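Visitor: Residue strings, one per chain:
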Amino acid sequence: MENISNSNLGKAVIEIKNVSKSFGDNHVLIDFNLTLNKKENIVVLGKSGSGKSVLIKCIIGLLKPDKGSITILGNPINDVTLTEMDKIRAKIGFLFQSNALYDSMSVRENLEFPLRRHWIKINQNQVNEMVLQALEDVGLKHTVDMMPIELSGGMRKRIALARTLILKPEIILYDEPTTGLDPITAKEIINLMITIKEKYNTASLIISHDMNCVKIASDRIVILLEGKCYAIDSYENLTKSNDPKVKQFFE
Amino acid sequence: MKKEIGNDVKLGLFVLSSILFLILLLYMIGKNKNFFGSNLKIRSRFENVQGLKAGNNVRFAGINIGTVDVVNIIDDTTLEVSMNIEDKMKDIIKANSIVSIGTDGLVGNKVINIQAVKERERHIEQNELLPSRRAIDTDEMLKTLNKTNKDIGIIAENLKNTTNKINNSHVIWDLLSDKSIPKKIHASLENINQSSNKIKTLLNHSNEIVEHVMSGNGSIGLLLYDTIMRANLFTTIENFRILGKHANEISKQISYTLDSFNNDLHNSKGTIHALLNDSLLTHKIHTSVDNIDRSSSGLNEIIDAIKQSFLFRAYFRKIEEKKTRGLK
Amino acid sequence: MDESLSLKPFLKETGKVSKFTIRYLSKWFLPPYEIKELIRQCYVIGYKSLPLVGLTGFIMGLVLTMQLRPFMVEYGVESRLPTIVGIAIIREIGPVITALIFAGKIGSSIGAELGSMKVTEQIDAMEVSGTNPFKYLVVSRVFATTLMLPVLAILSDAIALYGSYLGVNIKGETSFKLFWNQIFEALEFRDVLPAYIKTYFFGFAVGIIGCYKGFFCEKGTEGVGQSANASVVIASVLIFILDLLSVQITELLGFN
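Residue numbers (our numbering), protein chains in the order written: chain P, 212 to 462; chain L, 9 to 336; chain F, 1028 to 1283.
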């Protein structure tokens, strides 16, 4: 794992260059460029269906871009084998929009799953310790033996977050973390995201519509329009913008 | 974790029980088919195995004791059946037991039956060749039965026709009801009998005459020198010859008539058949019987003529005298 | 199934299922092996289906015996009742009824489970977690169904035979030993083995169809129901088709 996290670490953790992706005639991403630096939170804003989810799925390797290159922690992922990709994935946390908790497994098994998958040589005591640590980070230590179906939406989101945290990732990708939650719970989640960032020094790429989230969590904001990076700037600068296409997001 | 181990145990039990049942199932079948633990092999030869296959049961006195292992063709008329049977049968089956092929039930699988014979003999050995018996082949049986049925059908049909004809035929009834025919036949036979008796005596007498002549007695001189006499003699001998011919013909005719009558009565074929259809025949029978009658009376006449012949007159007279004397 | 009015979607679907099957066949023996998941699936798929399969098997054996009795009596072969029921159960009823019940229970549950996993991104999450979802979900499940259906079918045979024994004894009296002997007198390897072997194919069909329908589930929660339904229908039809094929193959090989 040492060879993957190389010296370039100080600067960009994710570099996306000229990435294009289309589904049939639907051109979702066209020559998209983005750089995520270490300890930076970037929020991607865009209309529904503008290709935000496609973007992070390309980063995590669930989708393959048609054109362009993506480099994660100094490793280009265009032509890597599945095993190499899994090694890179171990460094990335991914919080799914629908949480994607395994229904058939308890909370503990859910958290153990990526741990055992990525770090095969790990003993049971270490696993238990890390599971409890991750649950403590999200404040849900008591749910360890419950099934996902028994938990509320907010709790599930936090368990899902704990599951992404358990591998101590360097990058966390959030796919609409506050969608479907009430404002108070959403706020809690956003605060949790910030706490985690402080604690583990992670870089984050957040896809969101939630202005609260955008306002609090973002270092920089990317506006995705028609498959391209239309604007990239801080929250303050963008709110002052006169461009109607930018303005529509902040009204 | 504990729960998971409990689940594993249940799964293990579940799978094991299934495997056990499968093994039991296969073992039971194998046991029934003698796949295990039977090394005793016996053989027998047949001309026709009637569809016997490897795996068919072998029975001794009705008990399953093994299975057919293989059927080998030795040559065009010999098939050798090898059987695997239970080892313990070695001390039971004797070497003179008879092997036959039968059927389990009327339409079941073929089975091999081994039957003990009530005679002393040693017990079988490994690879013993047992004598076989041609079994009752249901196929053949049915075939024969079929043919028999057909024949019976034809016979019945013929019988029916014959009976109908007899019933409808006036001729046969006339013939049967005509009481004069047997009487006539009887009379002719009587006549023939008489004639042949007479011929017999005549021939005996001629013999005696010839003996007389040979011994040189009587009228031999005359015979030798008188030409008229000689001509007479010739005629007499000629008469004799004709007589013989006639008698021969008559007896032939009678025997033929009687034979055909006989045949007719037994075979319902030939003359009687014709008889049934042909009323002319009755006539013919009448005529032939009449003819026989007439010929035999002709014979009698000839015999009388011979008696009258001067040559034998003296001889006959002598015999007559002897007869009358004898009677006295 | 809904769009099977014209031939093209049907052929397309068949092609996709075939591709999926080939993908399974080319993957299942390659590492990584998901042994633990396989055992868990065997437990869920096999052991948990036993009560249902056992119940149907028992009823099938009992009912078949009771239904056949009047005719056997009519033909004067009442004593052959165990034989005929035994052969029917071992050769056909056991495997096929078990497979159909199995398709109903397991086919639908696999279709629904994988379908909902697909819809709620759990399959993606697995891939992100360094797991090949195809191996973890599909291979383990298909392998489990392939292994478990024969196990279930054999147990179902046993239970059905017991049911038949009770059925024989409702009227008339037959000792268990006689019943047992009569069945095994008539049975041969060619009755048991083809019937046993075909259950592997039935199990495989149920697993592969359920997984296919679930793995490519679309249209959200509505799609999950459709996947579950289609899995059962297609798997059941496939079982009959495979049954037909198996009888023809055994006939062809001369084992029938």
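Hints are computed from structural coordinates only; laboratory data are not their basis. Warning: the hint list may mix true and false statements.
The calculated lysine-lysine pairs, modelled on DSSO-like cross-linking and capped at a C-alpha distance of 30 Å, are [claimed, not checked]:
(1) P:K332 <-> F:K1063
(2) F:K1039 <-> P:K302
(3) P:K275 <-> F:K1198
(4) P:K439 <-> F:K1063
(5) L:K18 <-> F:K1246
(6) P:K298 <-> P:K250
For clarity, every value in this text was computed on a predicted model and none was experimentally measured.
Visitor: None of the hints should be skipped; say for each whether it holds.
Guide: Outcome of the hint check:
Distance hint between P:K332 and F:K1063 is fulfilled; the C-alpha atoms sit about 16 Å from each other, no more than 30 Å. The straight-line distance between the Cα atoms of F:K1039 and P:K302 is roughly 40 Å, outside the 30 Å bound, and the hint therefore fails. For the proposed pair P:K275 and F:K1198, the alpha carbon gap of about 70 Å is over 30 Å, so the pair is violated. Using a Cα cut-off of 30 Å, the hinted pair P:K439 and F:K1063 is violated, with the two alpha carbons roughly 45 Å apart.
Restraint check: the Cα-Cα separation between L:K18 and F:K1246 comes to about 38 Å, which exceeds 30 Å; the hinted pair is violated. About 21 Å separates the Cα atoms of P:K298 and P:K250, which keeps this hinted pair within 30 Å; it holds.
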